[in-house]
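With the hints as a guide, dock the two chains, each given alone in a separate frame, to form the complex.
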Amino acid sequence: ETGVTQSPTHLIKTRGQQVTLRCSSQSGHNTVSWYQQALGQGPQFIFQYYREEENGRGNFPPRFSGLQFPNYSSELNVNALELDDSALYLCASSPQNTEAFFGQGTRLTVV
Amino acid sequence: DQQVKQNSPSLSVQEGRISILNCDYTNSMFDYFLWYKKYPAEGPTFLISISSIKDKNEDGRFTVFLNKSAKHLSLHIVPSQPGDSAVYFCAASDRGSTLGRLYFGRGTQLTVWP
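Each protein sequence line maps, in turn, to chains U and F. When the letters of the first sequence are read in order and numbered with my numbering, they come out as residues 18 to 128. When the letters of the second sequence are read in order and numbered with my numbering, they come out as residues 670 to 783.
So here's chain F without its partners, still in its complex pose (with noise of 0.2 Å):
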């Protein structure tokens, strides 16, 4: 059972433009989001994370929206940059019972060309 969505296996975009890669979840419980990128031959590497509680949080080019009622988030990548260029997972946890479990999506390739 997929609790954590990621829709569209990928996406490309122009570089300097807006990337928007989409997560949906269907657990009611999950309290913290984050996303996750991973370049081959490498581990994940933490982007960025949200908590229920907000709507809304950035770091740099990188933005993560939640929408709760819709069960539903999304990272914005602005200026998009080819080094920006690899697979993006959105990740769950319900820290209140799972202590950090982690629900992973199936990630979205993202290819940024110049």
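Next up, chain U with everything else stripped away, as it sits in the complex (with noise of 0.2 Å):
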């Protein structure tokens, strides 16, 4: 149990809409992180938030966007789904600069 959930945990999308996830981690976690596990890969960066502020972005286009609010919940957005956006996506959070505690994970499919 690491504190962190997300929802959904599965949803199914039509190519060109847009979604958003969810994530909700422990109190006194302030920072947040949001990954890409394509399969067969491993976990890829798309973003991290402190402290509602956006602090530090992986190689993902503007189509992904996030949100971090103060009560520790955050948001993954995604426009304009392309196929390749299916995946399994992973919230983690951790208090400062220490290990990431990861959530189960949403798994996204595009068709």
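Since the hints were derived computationally from the structure, they do not count as laboratory data. Note that the Cβ used here is the ideal one computed from N, Cα and C, for glycine as well. Among the hints, erroneous ones may be present.
[What the hints assert, rightly or not] Label pairs and their computed distance ranges (CB to CB):
#, chain 1, residue 1, chain 2, residue 2, range
1, F, P751, U, R80, 19 to 29 Å
2, F, R730, U, T31, 44 to 54 Å
3, U, P112, F, Q671, 40 to 50 Å
4, U, P87, F, P748, 19 to 29 Å
5, F, E727, U, Q58, 38 to 48 Å
6, F, K723, U, Q34, 19 to 29 Å
7, F, K723, U, T126, 20 to 30 Å
8, U, G57, F, H745, 24 to 34 Å
9, U, Q58, F, S681, 38 to 48 Å
10, F, E727, U, Q43, 34 to 44 Å
11, F, E727, U, I29, 23 to 33 Å
[Stated by the list, open to error] Stretch-level coverage of chain U by chain F, calculated; a stretch enters the list once three of its residues show a Cβ under 8 Å from a Cβ in chain F:
#, stretch
12, 37 to 43
13, 50 to 59
14, 116 to 127
Structure, rendered in structure tokens:
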């Protein structure tokens, strides 16, 4: 039990649609990161938020965006979905500069 | 560009024996290394970590070794148990500049058979 919960667990969307994934992390975890894990790959860093500000971004286009809220919840938004966006999306939170605790992930399928 | 590499996609070990999972990295700025274990339909679970100022860290049956000159680390599990069967990810971080961004390898599927 990591104290990080994600919703929904599974989602099917059509190409071109928009999706919002949600994450709730532990109280006091002021850093949240999002990762994309494609089939057969390791998790790839999308971006990180620290105290509600974006604090680093991986090699993902601007149609991937996020928000972090004061209550330690966060969102990942993806616009104009493409088939290659099908993946497991992982949220990870941590206090400050320690190991990250991952949620169970949201499996997104784009058809 | 894969900065963390796990070159063995799978490993099969008999229960009670040692499991050795290997990981190589290319970025000399990495100063913190972690191993995560992942079961199907679950998120990665933190297992053990090591700072670049150490060459060994031990936690129960799990030991991580770091060879900075070779840019290589390994995870030893002794004795291996069937419940250890999972995908193991090696991850690295440059805590000085990236505030905890993790770079992951592709994972190694460990199977421990009775």
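What are the numbers of the hints the structure violates, in ascending order? 1, 3, 4, 5, 6, 7, 9, 10, 11, 12
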